[in-house]
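K.L.:
All chains, please: the whole structure from these sequences, using the hints.
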Amino acid sequence: MSIIVIGLSLSFLLFLLAAGLTLIFGMLGVINFAHGALYMLGAFVGYQIVHMTGSFWLGLLFAPLIVACVGALIEILALKQVYDRDHIFQLLLTFGFILVIDDATKMIWGFDYKQVPTPEIFMAPISMFGSQIPSYRLFVIGFGAAVSLALFLLLDRSKWGMIIRAASSDPEMAQTLGVNVNRVRTGVFALGAYLAALGGVVSAPLVPIELGMGFSVIIDCFVVVIIGGLGNIRGAILASLLLGMTRAAGYTYATEWVELLTFALLIGTLMFRPAGLFSTKGRSA
Amino acid sequence: MKLLALESCNVTYGKAQALHSVSIEVAQGEVVSLIGRNGAGKSTILKTIIGLKQPVSGRRVWKGDDVTARLPNQLGRLGIGYVPEDRRIFDNLTVHENLRIATVMGRTGAWTETRIFEMFPVLLDRASQAGNTLSGGEQQMLAISRALLTNPELLLLDEPTEGLAPLIVDELVDSMRRINEEGMTLLLVEQNLRVPMKLAHRQYVVDNGTVQWSGTTADLLANREEIEKLISV
Ligand SMILES: Nc1ncnc2c1ncn2[C@@H]1O[C@H](COP(=O)(O)OP(=O)(O)OP(=O)(O)O)[C@@H](O)[C@H]1O
Ligand SMILES: [Mg+2]
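So the sequences go chain by chain: A and B. Per full-length UniProt numbering, residue 1 is the first one in the first sequence, and the count goes up by one each step. Per full-length UniProt numbering, residue 1 is the first one in the second sequence, and the count goes up by one each step.
Hints are not guaranteed to be accurate.
Dumping the calculated SDA-like pairs for lysine to any residue here, alpha-carbon to alpha-carbon at most 25 angstroms [unchecked claim]: (1) A:Lys80 / B:Gln54; (2) B:Lys53 / A:Arg85; (3) B:Lys15 / A:Val82; (4) A:Lys114 / A:Leu61; (5) B:Lys53 / A:His87; (6) A:Lys159 / B:Thr94; (7) B:Lys63 / B:Ile179.
The hints are simulated quantities; they were obtained by calculation from the structure and are not laboratory data. Because the structure is a prediction, the values reported are computed rather than measured.
P.N.:
Rendered as structure tokens:
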């Protein structure tokens, strides 16, 4: 039972990050290497807010918004300037922002790791099916599911989602219809940053908040995005579930095999289904 | 009234110059066609009008105002609709969404989704299908409908009849005539004279990135042999 709970909570955290990565790739054509750094920044900003106000919920509300603004600034001040050039410039730029964000974090918060306590109401474990389940994990699952659902509704059903999909599929054509594609790009990057930071704040009570935390997570996200199929958000959710459950099972039964399993999944996908395990022609955001 | 003009526009793709000092004028209510062979520069002229290409020199003028510096989304909002040559249906949107995005982003006016579905009932039947599952002819209807729903004053049509069966071409010509009779100005690109002779009031013959000839459709009839030479492969 606890494997399922840990696996699901891991899956939804991965999906928050992978969804942003995928959206940004679909719209900007760029793999955002700084995605892990934005996740880390979300956790640190969340820590700061919790530290100052004593409320986890204020951190959950405001830290992602602050990081979304940082994302918008990165897009406007830096990325926008190099869209006309080769993709490699944009890649290098997002890579550069890992270093910038890391150094800024060091300057503001120092080298020590930080901790965010589990919110009061999720302190006590819950007994379910004869085992003790940490209730914060259950919250992560419920919250992750709700955010994922909201994201799908936004993309599939709302006017904004339709505009994002159209602008991702053919930016020039969308522009002739009156879509301000520049603004859509900024918005999508900010949305991706928001989701990454949301993942960071939600993870904060579960893991130590430290400089390296973005790095390990971004590798997993790349695995999810490649297994799910680049730019395919439906694939990303299935791949998140696959990887999250694999990892949870691995930690319990064969800790030393977890990394191997993860990368076997990745290499297998690249060899046999390079477009992604769940690639489908047609609708993908 | 003069609706749109390109004045002495030079346009390049990298180092290659595609248009040499092209000047074009379209008056309100006209049907004007641009004819010429492959690679003549017709599509580039339309892209320059809608802002997907910026002239390196020359001006774009809309109702007397210099709009050379405007972006495609701004030109679209001013009232220019664009049907590109490869149709460019959004393949991750349904047929209905391909129309709805034009309704949402475009101007309001006489064209509504209801009217579009009356004119092209097949689009209603296919409304929930993905945009890329339509046949070539259906995609063309969708591309034209999408442009109409932005309620433009000037509609740019890049080879709208290319690859369509003769019966469908006739239907499309009828639709375009009706659209024009209701007051919309059309700028039509074609490689041959078939459709322009039926629809257009005035013609521009484009070759090698320059305007080689222009005149009324009656003038063109009088000089038919000369024109045929300019556009034949
Ligand atoms: N994206 C591009 N990059 C480089 N050169 C281009 C590009 N598009 C067009 N050209 C060149 O510009 C010139 C004019 O092309 P354009 O597409 O305007 O011709 P066209 O008259 O529309 O031809 P067709 O009837 O085949 O559609 C051609 O020489 C073409 O090779
Ligand atoms: Mg062309």
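K.L.:
Please go over all the hints and tell whether each is borne out by the structure.
P.N.:
Status of the hints after comparison with the structure:
Under the criterion of a C-alpha separation no larger than 25 angstroms, the hint pairing Lys80 of chain A with Gln54 of chain B is consistent with the structure, at around 19 angstroms. For the proposed pair Lys53 of chain B and Arg85 of chain A, the alpha carbon gap of about 17 angstroms is at most 25 angstroms, so the pair holds. With a CA separation close to 20 angstroms, the supplied pair Lys15 of chain B and Val82 of chain A stays within the 25 angstroms bound. Straight-line distance between C-alpha atoms of Lys114 of chain A and Leu61 of chain A comes to about 19 angstroms, which keeps the hinted pair within the 25 angstroms bound.
Our distance criterion of 25 angstroms between C-alpha atoms is met by Lys53 of chain B and His87 of chain A, whose separation comes to about 21 angstroms. Proximity of Lys159 of chain A to Thr94 of chain B is assessed by CA-CA distance (about 13 angstroms); at most 25 angstroms being required, the pair is judged to hold. Pair hint Lys63 of chain B plus Ile179 of chain B holds up; C-alpha atoms about 21 angstroms apart against a cutoff of 25 angstroms.
Every hint from the earlier list agrees with this structure, and none is contradicted.
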